[in-house]
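There are 4 protein chains.
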Amino acid sequence: MHRERFYTLSASCPDRTGIVAKVSGFIAEHKGWILETALHAEPAVDADSRGRYFMRIEIRADSLPFMLTEFRERFRPIAEELNMDWKITDSAVKKRVVILVSKQEHCLYDLLARWQSKELDIEIPCVISNHETFRGFVEWHGIPFHHVPVTADNKPQAYAEVQRLFEESHGDTMVLARYMQILSPDLCAAHPGKIINIHHSFLPSFVGARPYHQAYERGVKLIGATCHYVTEELDQGPIVEQDVIRIDHSDSVEDMVRYGKDIEKAVLARGLRYHLEDRVLVHGNKTVVFR
Amino acid sequence: MHRERFYTLSASCPDRTGIVAKVSGFIAEHKGWILETALHAEPAVDADSRGRYFMRIEIRADSLPFMLTEFRERFRPIAEELNMDWKITDSAVKKRVVILVSKQEHCLYDLLARWQSKELDIEIPCVISNHETFRGFVEWHGIPFHHVPVTADNKPQAYAEVQRLFEESHGDTMVLARYMQILSPDLCAAHPGKIINIHHSFLPSFVGARPYHQAYERGVKLIGATCHYVTEELDQGPIVEQDVIRIDHSDSVEDMVRYGKDIEKAVLARGLRYHLEDRVLVHGNKTVVFR
Amino acid sequence: MHRERFYTLSASCPDRTGIVAKVSGFIAEHKGWILETALHAEPAVDADSRGRYFMRIEIRADSLPFMLTEFRERFRPIAEELNMDWKITDSAVKKRVVILVSKQEHCLYDLLARWQSKELDIEIPCVISNHETFRGFVEWHGIPFHHVPVTADNKPQAYAEVQRLFEESHGDTMVLARYMQILSPDLCAAHPGKIINIHHSFLPSFVGARPYHQAYERGVKLIGATCHYVTEELDQGPIVEQDVIRIDHSDSVEDMVRYGKDIEKAVLARGLRYHLEDRVLVHGNKTVVFR
Amino acid sequence: MHRERFYTLSASCPDRTGIVAKVSGFIAEHKGWILETALHAEPAVDADSRGRYFMRIEIRADSLPFMLTEFRERFRPIAEELNMDWKITDSAVKKRVVILVSKQEHCLYDLLARWQSKELDIEIPCVISNHETFRGFVEWHGIPFHHVPVTADNKPQAYAEVQRLFEESHGDTMVLARYMQILSPDLCAAHPGKIINIHHSFLPSFVGARPYHQAYERGVKLIGATCHYVTEELDQGPIVEQDVIRIDHSDSVEDMVRYGKDIEKAVLARGLRYHLEDRVLVHGNKTVVFR
Chain V
1 MHRERFYTLS
11 ASCPDRTGIV
21 AKVSGFIAEH
31 KGWILETALH
41 AEPAVDADSR
51 GRYFMRIEIR
61 ADSLPFMLTE
71 FRERFRPIAE
81 ELNMDWKITD
91 SAVKKRVVIL
101 VSKQEHCLYD
111 LLARWQSKEL
121 DIEIPCVISN
131 HETFRGFVEW
141 HGIPFHHVPV
151 TADNKPQAYA
161 EVQRLFEESH
171 GDTMVLARYM
181 QILSPDLCAA
191 HPGKIINIHH
201 SFLPSFVGAR
211 PYHQAYERGV
221 KLIGATCHYV
231 TEELDQGPIV
241 EQDVIRIDHS
251 DSVEDMVRYG
261 KDIEKAVLAR
271 GLRYHLEDRV
281 LVHGNKTVVF
291 R
Chain D
1 MHRERFYTLS
11 ASCPDRTGIV
21 AKVSGFIAEH
31 KGWILETALH
41 AEPAVDADSR
51 GRYFMRIEIR
61 ADSLPFMLTE
71 FRERFRPIAE
81 ELNMDWKITD
91 SAVKKRVVIL
101 VSKQEHCLYD
111 LLARWQSKEL
121 DIEIPCVISN
131 HETFRGFVEW
141 HGIPFHHVPV
151 TADNKPQAYA
161 EVQRLFEESH
171 GDTMVLARYM
181 QILSPDLCAA
191 HPGKIINIHH
201 SFLPSFVGAR
211 PYHQAYERGV
221 KLIGATCHYV
231 TEELDQGPIV
241 EQDVIRIDHS
251 DSVEDMVRYG
261 KDIEKAVLAR
271 GLRYHLEDRV
281 LVHGNKTVVF
291 R
Chain L
1 MHRERFYTLS
11 ASCPDRTGIV
21 AKVSGFIAEH
31 KGWILETALH
41 AEPAVDADSR
51 GRYFMRIEIR
61 ADSLPFMLTE
71 FRERFRPIAE
81 ELNMDWKITD
91 SAVKKRVVIL
101 VSKQEHCLYD
111 LLARWQSKEL
121 DIEIPCVISN
131 HETFRGFVEW
141 HGIPFHHVPV
151 TADNKPQAYA
161 EVQRLFEESH
171 GDTMVLARYM
181 QILSPDLCAA
191 HPGKIINIHH
201 SFLPSFVGAR
211 PYHQAYERGV
221 KLIGATCHYV
231 TEELDQGPIV
241 EQDVIRIDHS
251 DSVEDMVRYG
261 KDIEKAVLAR
271 GLRYHLEDRV
281 LVHGNKTVVF
291 R
Chain W
1 MHRERFYTLS
11 ASCPDRTGIV
21 AKVSGFIAEH
31 KGWILETALH
41 AEPAVDADSR
51 GRYFMRIEIR
61 ADSLPFMLTE
71 FRERFRPIAE
81 ELNMDWKITD
91 SAVKKRVVIL
101 VSKQEHCLYD
111 LLARWQSKEL
121 DIEIPCVISN
131 HETFRGFVEW
141 HGIPFHHVPV
151 TADNKPQAYA
161 EVQRLFEESH
171 GDTMVLARYM
181 QILSPDLCAA
191 HPGKIINIHH
201 SFLPSFVGAR
211 PYHQAYERGV
221 KLIGATCHYV
231 TEELDQGPIV
241 EQDVIRIDHS
251 DSVEDMVRYG
261 KDIEKAVLAR
271 GLRYHLEDRV
281 LVHGNKTVVF
291 R
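Residue numbers (UniProt numbering), protein chains in the order written: chain V, 1 to 291; chain D, 1 to 291; chain L, 1 to 291; chain W, 1 to 291.
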């Protein structure tokens with residue numbers, strides 16, 4: 001964790017020789033001071049395909065002789081030569097995170113505690129909920145609260161409204177903090193890699209509804225939680241982070257729910273942090289996470 | 001976890017034959033329905049000493065033909081015969097928990113989230129702090145907030161005031177939720193087994209100040225937190241719960257502080273729950289914890 | 001862990017009042033010294049059904065005025081009154097464990113190390129394998145080794161031979177220590193609750209073949225292992241123990257296999273120990289494990 | 001994990017701009033194919049000091065147009081310019097690991113199982129012990145076994161003999177696999193960063209003798225193990241790897257010893273692997289571990 005202003009370059013490209021040399025050569029040429037570098041080569045899956053190279057580099061902003069716009073212009077030819085998907089972000093520009101919540105408190109309290117102390121150094125333009133439950137709590141923190149009811153009849157309109165609120169508040173990331181509704185495929189497709197969910201099981205076990213009941217029935221000895229990007233297929237998106245906690249025969253479904261909440265909020269917070277710090281690079285239906 | 005009203009008998013006595021038979025015989029004689037039983041025999045440390053027996057029994061309140069007062073009267077002869085330290089509590093009487101906090105938010109938000117959702121089914125008569133930081137947050141929840149400044153000069157008066165507030169609010173338990181002051185020996189001695197602290201290291205490693213700095217210097221690969229009863233000797237009280245989290249060479253002290261917060265609040269919440277459910281029986285400087 | 005000789009009574013029966021009183025009363029009447037007691041009430045699943053009560057009690061052998069045969073005779077009326085499934089075993093009679101193995105070494109080395117040091121205080125009447133790989137290693141330890149090849153054509157005969165060897169060596173427990181064959185339904189049905197397998201995934205994720213490949217494809221962040229009783233339905237038997245280990249994007253399938261071996265042997269060793277110490281009571285397709 | 005032959009460059013140097021550019025530029029210039037790169041900048045401790053940069057790079061051997069000797073010659077000027085401590089090793093040259101053991105079997109069995117299956121792709125030129133206990137087991141594996149008794153009177157001679165055996169067998173690494181003797185300061189000083197110990201506590205808790213007894217007395221809720229380099233100061237060397245396991249009040253010292261063995265062997269195996277793969281770079285009394 002660095003307190004100075006820095007830029008984060010995250011990128012992937014087809015693997016070949018000389019990638020690191022080109023990129024680090026460019027940075028060195030301009031006397032850029034590298035704070036942190038993470039690199040990963042994903043091997044080719046077969047003889048006909050090609051591996052892919054992933055990188056994330058933090059550069060101290062004041063070490064470079066130009067601004068970010070000029071960095072982008074100067075770096076573009078290298079990126080094009082390497083056929084790179086890339087972006088570079090500025091630690092001084094706070095990410096804007098819209099939180100969706102229903103009636104469960106644990107992830108919401110946890111995220112606002114981290115935001116309040118600047119552990120999560122983000123803007124929260126608004127919280128959206130299908131219930132009024134947390135209006136007072138959210139507004140007390142000075143954050144706008146939008147109640148968007150979801151019923152059997154109004155789903156298309158409701159999700160259109162969620163999408164409008166997200167876009168008009170210039171959200172970078174939408175967090176489903178135990179939001180107990182399934183987003184419309186349209187909304188999922190509109191913001192790939194930007195919607196993060198916390199699922200209350202160790203996926204791929206117990207997809208769908210009531211995973212703790214499923215876990216209780218099967219008699220597993222650990223329960224878990226999974227933070228993943230939302231895609232059009234329910235509970236199938238790329239996994240960002242997971243963790244588990246031990247239970248035993250004496251634990252009821254209610255006990256599991258209680259233990260699970262502790263894992264859910266911890267996994268969501270870790271996954272969200274990785275995402276916000278541009279540590280997560282999506283690769284097909286998997287992720288590279290540079291912790 | 002049971003939703004019906006129940007009584008919790010927790011007790012310890014010198015080990016001998018027939019303890020369980022006597023206690024369970026008494027309950028059975030009155031048709032008491034046992035929900036949960038935990039038993040533990042602590043062996044004698046040498047040939048001249050005697051082992052000690054620990055028990056915790058939950059009995060459904062409506063299965064007994066009398067009230068708790070009469071239970072206590074009728075059970076007393078058995079307890080005396082067994083030379084027992086014992087108590088029996090009623091799940092319908094909420095425990096009263098006074099929270100002490102300084103300027104760090106994580107344990108406070110976590111405890112209030114659990115209280116708000118009734119996951120922790122307690123009364124919080126007040127929050128006491130040596131700073132004004134969380135007055136608004138606490139009062140928004142409808143909980144009284146008392147600012148008791150602690151300076152180099154006023155410690156005796158400040159701790160006397162803390163003690164007065166705890167006692168006059170009929171507190172059963174005092175929780176030091178990252179309260180960054182060392183309580184006076186008088187206050188510790190006045191409420192043995194009632195004051196719970198969360199220490200930000202895996203005790204007995206890194207006692208005293210700045211444990212994350214100590215951990216960083218030593219280059220450990222895991223950091224931890226310890227929930228313990230406060231005694232007059234700093235960081236030496238009986239341990240209730242501990243846990244750890246993995247770190248590596250890339251983590252700064254600031255990163256450790258951040259990871260540590262997640263462990264601290266989880267360990268404190270678990271330890272506090274064990275305590276409030278009468279699952280913790282102190283044995284010298286150790287604890288029996290019937291999870 | 002006790003060094004003195006003791007008896008282990010393990011039992012389950014329909015829940016009612018007075019179970020513990022009756023059983024512990026019987027023991028107390030004969031001055032039996034209880035070393036360890038574990039009790040569990042499994043609640044009724046609905047209003048029409050009844051809960052079930054589970055218990056495990058260790059009694060010091062020399063504290064009782066009679067031998068085990070007489071204990072059984074005298075206890076029988078109580079067990080019948082309570083409609084109990086029960087058994088009582090003698091710590092002085094070593095359990096006989098037959099190990100089945102293929103070509104992977106890790107569980108076999110691990111079990112023989114524990115047996116060699118008497119950490120696992122068992123008899124190993126023989127090791128059976130579908131390969132010759134470990135004949136020398138096993139025989140060096142003074143344990144008979146039987147090679148029973150399994151081919152597409154000889155499965156019925158091969159499993160009949162395995163069953164004969166198990167029964168003629170008076171095996172109490174059969175351990176599939178990464179035995180890469182699927183036992184016949186007949187063999188599974190003949191010894192319910194006696195055959196223990198280690199599956200190389202965190203069930204119910206990734207049932208069937210090549211679970212590490214499945215895990216790699218799905219991009220999970222933890223991999224696990226499951227110790228379970230073998231039933232006629234593949235990978236569906238009651239789970240005894242599970243654990244997981246963290247992986248990340250840089251781990252290949254080969255890395256997962258390597259990490260997985262460490263979890264597999266640890267989970268198998270723990271599950272087997274619980275089973276051998278009569279700590280596992282099967283309840284439908286779930287287990288009560290009194291650790 | 002890669003099956004092709006590769007070279008591993010591990011290095012550290014004072015931090016400055018352009019380090020990665022120079023090193024990766026050199027590799028790219030010769031068309032070296034990088035399999036894995038890990039980089040870490042350790043910040044300066046104060047304004048007067050300078051940070052230090054650590055790196056580990058795996059390069060496919062057949063991608064380079066010259067042999068390792070020529071690589072070393074050509075790379076030397078760059079290393080000198082950067083004031084680098086560095087080495088480059090060849091995956092085709094197996095490391096030679098000498099194991100020291102006393103009477104406990106768990107680490108020895110575990111290491112030989114990994115060696116037998118080539119999971120640990122090393123040479124074991126000999127096993128040295130102060131007891132005869134494992135002669136047969138070691139020799140059965142075709143590995144020479146040396147009995148070097150250690151008594152109160154012969155310590156200097158005994159450690160001289162251990163040193164001679166290590167050096168004459170061209171050992172790269174000495175592993176103390178629960179070797180219950182304290183090596184002489186001379187021997188420690190002669191091979192810094194080459195002697196690896198497994199200590200049976202979560203250091204810095206419970207240094208010195210009988211750590212499980214110490215842990216039992218203190219009533220901790222987790223016990224651990226620490227893999228560290230041996231230095232002249234007992235239990236104070238740089239930590240390579242640590243882990244813990246949960247215990248509770250029902251666990252005796254003997255139970256802790258048993259649980260501890262599982263953690264010890266796992267932590268030693270992981271730490272040794274990191275060391276053998278040149279993933280551990282020592283920095284003062286701390287380590288950078290590129291997992």
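Hint data in this document are derived by calculation from the structure and do not stem from the laboratory. All C-beta atoms, glycine included, are put in the ideal place defined by N, C-alpha and C. Be a bit skeptical, because a hint or two may be false.
Stated by the list, open to error - Below, a list of computed lysine to aspartate or glutamate pairs in the EDC-like style, where the Cα atoms sit at most 20 Å apart: (1) L/LYS31 <-> D/ASP15; (2) W/LYS286 <-> D/ASP251; (3) V/LYS103 <-> D/GLU119; (4) V/LYS286 <-> V/GLU119; (5) L/LYS103 <-> L/GLU4; (6) W/LYS286 <-> W/ASP62; (7) V/LYS118 <-> D/GLU132; (8) W/LYS95 <-> W/GLU123; (9) W/LYS155 <-> W/GLU233; (10) V/LYS22 <-> W/GLU29; (11) D/LYS118 <-> V/GLU119; (12) L/LYS31 <-> D/GLU42; (13) V/LYS95 <-> V/GLU80; (14) D/LYS286 <-> W/GLU29; (15) L/LYS103 <-> W/GLU132; (16) W/LYS155 <-> W/ASP121.
What the hints assert, rightly or not - Not close to chain D: a few residues of chain L, all C-beta gaps over 10 Å, as computed: (17) THR17; (18) ALA21; (19) LYS22; (20) LYS31; (21) GLY32; (22) TRP33; (23) GLU36; (24) ASP153.
Hint by hint, here is what the structure shows:
For the given pair, L/LYS31 sits about 13 Å from D/ASP15 by alpha-carbon distance, which is consistent with the 20 Å threshold. Straight-line distance between C-alpha atoms of W/LYS286 and D/ASP251 comes to about 13 Å, which keeps the hinted pair within the 20 Å bound. Between V/LYS103 and D/GLU119, the direct Cα distance comes to roughly 14 Å. Compliance with the 20 Å bound is thereby established for this hinted pair. For the given pair, V/LYS286 sits about 27 Å from V/GLU119 by alpha-carbon distance, which is inconsistent with the 20 Å threshold.
At most 20 Å may separate the alpha-carbon atoms for a hinted pair to count; L/LYS103 and L/GLU4 exceed this at roughly 38 Å. Between W/LYS286 and W/ASP62, the direct Cα distance comes to roughly 34 Å. Violation of the 20 Å bound is thereby established for this hinted pair. Restraint check for V/LYS118 and D/GLU132: satisfied, since their Cα atoms lie roughly 18 Å apart, inside the 20 Å limit. Between W/LYS95 and W/GLU123, the direct Cα distance comes to roughly 6 Å. Compliance with the 20 Å bound is thereby established for this hinted pair.
A threshold of 20 Å between alpha carbons decides the hint, and for W/LYS155 with W/GLU233 the separation of about 17 Å falls inside it, so the pair holds. Taken as a hint, the V/LYS22 and W/GLU29 pair is honoured in the structure, with Cα atoms around 11 Å apart against an allowance of 20 Å. For the hint linking D/LYS118 to V/GLU119, the alpha-carbon distance of about 27 Å lies beyond 20 Å, and the restraint is violated. For the given pair, L/LYS31 sits about 19 Å from D/GLU42 by alpha-carbon distance, which is consistent with the 20 Å threshold.
Between V/LYS95 and V/GLU80 the alpha-carbon distance is near 27 Å, which puts this suggested pair outside the 20 Å criterion. A distance of roughly 64 Å separates the Cα atoms of D/LYS286 and W/GLU29; the hinted pair therefore is violated under the 20 Å criterion. Note on L/LYS103 and W/GLU132: the hinted pairing is violated, with a Cα-Cα distance of about 30 Å set against a maximum of 20 Å. A threshold of 20 Å between alpha carbons decides the hint, and for W/LYS155 with W/ASP121 the separation of about 33 Å lies outside it, so the pair is violated.
The beta carbon of L/THR17 sits about 5 Å from the closest Cβ of chain D, which is not more than 10 Å, so the claim that it is off the interface is violated. The claim that L/ALA21 is not at the interface with chain D is violated, since a C-beta of that chain comes within 10 Å of its own (minimum 4 Å). Consistency note on L/LYS22: stated as away from chain D, yet its beta-carbon is not over 10 Å from all of that chain's, at 8 Å minimum. Against chain D, the non-interface label of L/LYS31 is violated: not every CB pair exceeds 10 Å, the least being about 5 Å.
L/GLY32, annotated as away from the interface, has a beta carbon of chain D within 10 Å; the closest lies near 7 Å. Some Cβ of chain D comes within 10 Å of the Cβ of L/TRP33; the nearest lies about 6 Å off, and the non-interface call is violated. L/GLU36, annotated as away from the interface, has a beta carbon of chain D within 10 Å; the closest lies near 7 Å. Remark: the non-interface label on L/ASP153 is consistent with the geometry, its nearest Cβ contact in chain D lying 50 Å away (cut-off 10 Å).
When each numbered hint is compared with the structure, violations occur for hints 4, 5, 6, 11, 13, 14, 15, 16, 17, 18, 19, 20, 21, 22 and 23.
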